[in-house]
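Trainee: So you can see what is in the structure, the chains are spelled out below.
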Amino acid sequence: RQPLSPCVAGERLCSTEEATAGSGTYTRHGFIFSSLAGCLERRNEDSELPVVSVVRDSESQLLPNVGAVVTCKVCSINSRFAKVHILYVGSTPLKSTFRGTIRREDIRATEKDKVEVYKSFRPSDIVLAKVISLGDAQSNYLLSTAENELGVVVARSEAGVQMVPISWCEMQCPRTHTKEFRKVARVQPQFLQM
Amino acid sequence: MAAERGTAAEALVGQVVLPGDLLLLPAHYDEDAEGERLRLSAGAAPQGRLLCGPGLRRSGAGLLVTKCGLLRHRPAGGGAYWVDSQQKRYVPVKGDHVIGIVTVKAGDVFRLDVGGSEPASLSYLAFEGATKRNRPNVQVGDLIYGQFVVANKDMEPEMVCIDSSGKSSGMGIIGQDGFLFKVSLGLIRKLLAPKCEIIQELSQLYPFELVLGMNGRIWVKAKTVQQTLIIVNILEACEYMTAEQRKQALAKLSGN
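Top to bottom, those sequences are chains S and D.
In case it helps, the working numbering puts the first sequence at residues 1 to 194.
In case it helps, the working numbering puts the second sequence at residues 195 to 450.
Mixed in with the good hints there might be a few duds.
Stated by the list, open to error - According to the in silico footprint, chain S covers these stretches of chain D (three or more CB under 8 Å from chain S):
1) 251 to 265
2) 341 to 348
As the list claims (entries may be wrong) - Calculated Cβ distances over 10 Å to all of chain D for the following chain S residues:
3) R12
4) S23
5) H29
6) E45
7) L62
8) V69
9) F98
10) V117
11) R122
12) V154
13) A159
14) R175
15) T178
In case anyone wonders, no lab produced these hints; they're calculated from the structure.
Cβ atoms here follow ideal geometry from the backbone N, Cα and C, with glycine treated the same way.
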């Protein structure tokens with residue numbers, strides 16, 4: 001590896017014939033420009049051109065990509081959608097939470113028009129969801145729970161006690177024995193800690 | 195929490211209970227002090243189906259009181275316990291018929307003040323015979339009698355003025371004139387009981403129209419303004435009058 005040299009955003013690094021653009025860079029008019037302020041990193045690959053990327057000192061924020069499974073917390077619900085805060089991407093926690101939206105038709109895969117948001121999620125539930133769209137500048141991430149493995153993993157009952165799932169659509173409170181409706185996730189056995 | 199022993203539910207019937215009190219049901223009196231031994235009937239209803247009514251919540255072995263008031267018991271049909279509490283603040287409940295005041299007309303949706311924490315929403319299509327061309331004539335400040343279809347603590351309440359078959363069955367815009375006033379929720383429940391004496395005695399006095407909303411609002415209309423105000427005063431005073439005082443007051447009025 002070559003020694004790292006600092007660069008600023010907008011600095012022209014080299015032409016696209018000499019290297020390929022990596023993370024933190026973009027190509028314009030046949031040249032590679034930096035899009036971040038950080039250190040220039042040139043990595044030599046054997047078969048292809050070397051890869052040029054710009055890295056910052058601190059770890060770069062992990063951004064959810066389309067198709068990534070994220071862990072989020074429901075903050076408010078509506079008859080049309082549920083608003084969530086994205087806390088984890090995969091198994092890495094995020095330093096600052098992103099906002100996401102789960103629309104009513106993305107909650108379940110079957111019988112989409114009979115879904116009631118109140119019977120699937122409640123505020124303060126922890127939900128596993130998949131990113132289906134990054135959204136545009138003003139809107140949030142669009143998420144979906146339309147799979148068996150996605151849905152509510154942790155929920156508290158009205159009495160404040162953590163509930164136990166009893167089916168894919170019901171959870172029961174161990175203290176008051178009342179059942180509440182949720183869209184429950186079927187967590188894969190390898191992720192359960194016994 | 196498990197260390198505090200509760201008192202027997204039967205001993206407290208008719209007495210004041212406060213939130214946090216734990217009531218023990220008959221099957222669990224001779225439980226161990228530690229409560230370690232699991233009984234086969236632990237967590238299940240003692241005899242038949244015991245109904246846990248408003249103001250109570252099931253908690254492990256017994257019932258936890260969540261509202262202050264008098265504890266009541268009905269032994270019929272497996273037994274039922276509930277707490278009779280005074281309340282003036284209304285909390286929207288699905289299926290309740292309430293009187294709302296239109297505050298905002300926003301496109302396709304009206305916002306109604308029902309006395310709860312949030313204004314309720316009412317779609318213009320939720321009236322009998324309403325279509326996109328045939329809109330109901332609702333203005334800001336109108337009174338509407340309708341029922342809740344969505345009412346919980348997490349979402350904004352939604353009202354409709356039709357029942358499940360599409361008929362209005364008495365719901366809709368309440369007409370002009372008349373008088374709207376507010377009473378406590380307990381009085382509304384008393385007036386809505388079948389064969390309520392107050393309503394029967396009042397109807398012998400003057401003829402009048404009456405709409406009772408479960409959110410504590412009553413709308414009255416009689417032939418003249420004076421008769422309307424007399425009925426309003428009697429209904430407001432009924433909360434604190436005994437039956438004899440009420441009969442005396444009505445006798446004095448009908449004598450006039």
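Trainee: Should the label of S:S23 as a non-interface residue stand, given a Cβ cut-off of 10 Å to chain D?
Mentor: Nearest chain D Cβ is 41 Å from S:S23, so the label holds.
Trainee: Hey, is S:A159 genuinely clear of chain D, shortest beta carbon separation above 10 Å?
Mentor: Since the minimum Cβ distance to chain D is about 6 Å, S:A159 lies within 10 Å and the statement is violated.
Trainee: Just want to verify: S:E45 was marked as not at the interface with chain D; is every Cβ pair farther apart than 10 Å?
Mentor: S:E45 is indeed farther than 10 Å from all Cβ atoms of chain D, at 53 Å.
Trainee: If you look at each residue in the segment 341 to 348 of chain D, do at least three have a Cβ nearer than 8 Å to any Cβ of chain S?
Mentor: Contact hint for the segment 341 to 348 of chain D vs chain S: holds, 3 residues under 8 Å.
Trainee: Does the no-contact call for S:R12 survive, Cβ to all of chain D over 10 Å?
Mentor: 52 Å, holds
Trainee: Would S:R175 pass as off the interface with chain D, using Cβ distances and a cut of 10 Å?
Mentor: 6 Å, violated
Trainee: Non-interface claim for S:T178: all C-beta distances to chain D beyond 10 Å?
Mentor: Non-interface label fails for S:T178: nearest chain D Cβ at 7 Å, not farther than 10 Å.
Trainee: Per the stated criterion, does the least C-beta distance between S:V154 and chain D lie above 10 Å, as a non-interface residue requires?
Mentor: 17 Å, holds
Trainee: Hey, does S:V69 actually stay past 10 Å from chain D on C-beta?
Mentor: 25 Å, holds
Trainee: Does S:H29 clear chain D by more than 10 Å, comparing its Cβ with all Cβ atoms of that chain?
Mentor: The claim stands: S:H29 keeps its Cβ more than 10 Å from every Cβ of chain D (closest is about 48 Å).
Trainee: In terms of beta carbon proximity below 8 Å, does the segment 251 to 265 of chain D have 3 or more residues touching chain S?
Mentor: holds (count 4)
Trainee: Is the Cβ of S:R122 more than 10 Å away from each Cβ in chain D?
Mentor: The assertion about S:R122 is violated, with a minimum of 6 Å to chain D.
Going through the hint list in order, the structure does not satisfy hints 10, 11, 13, 14 and 15.
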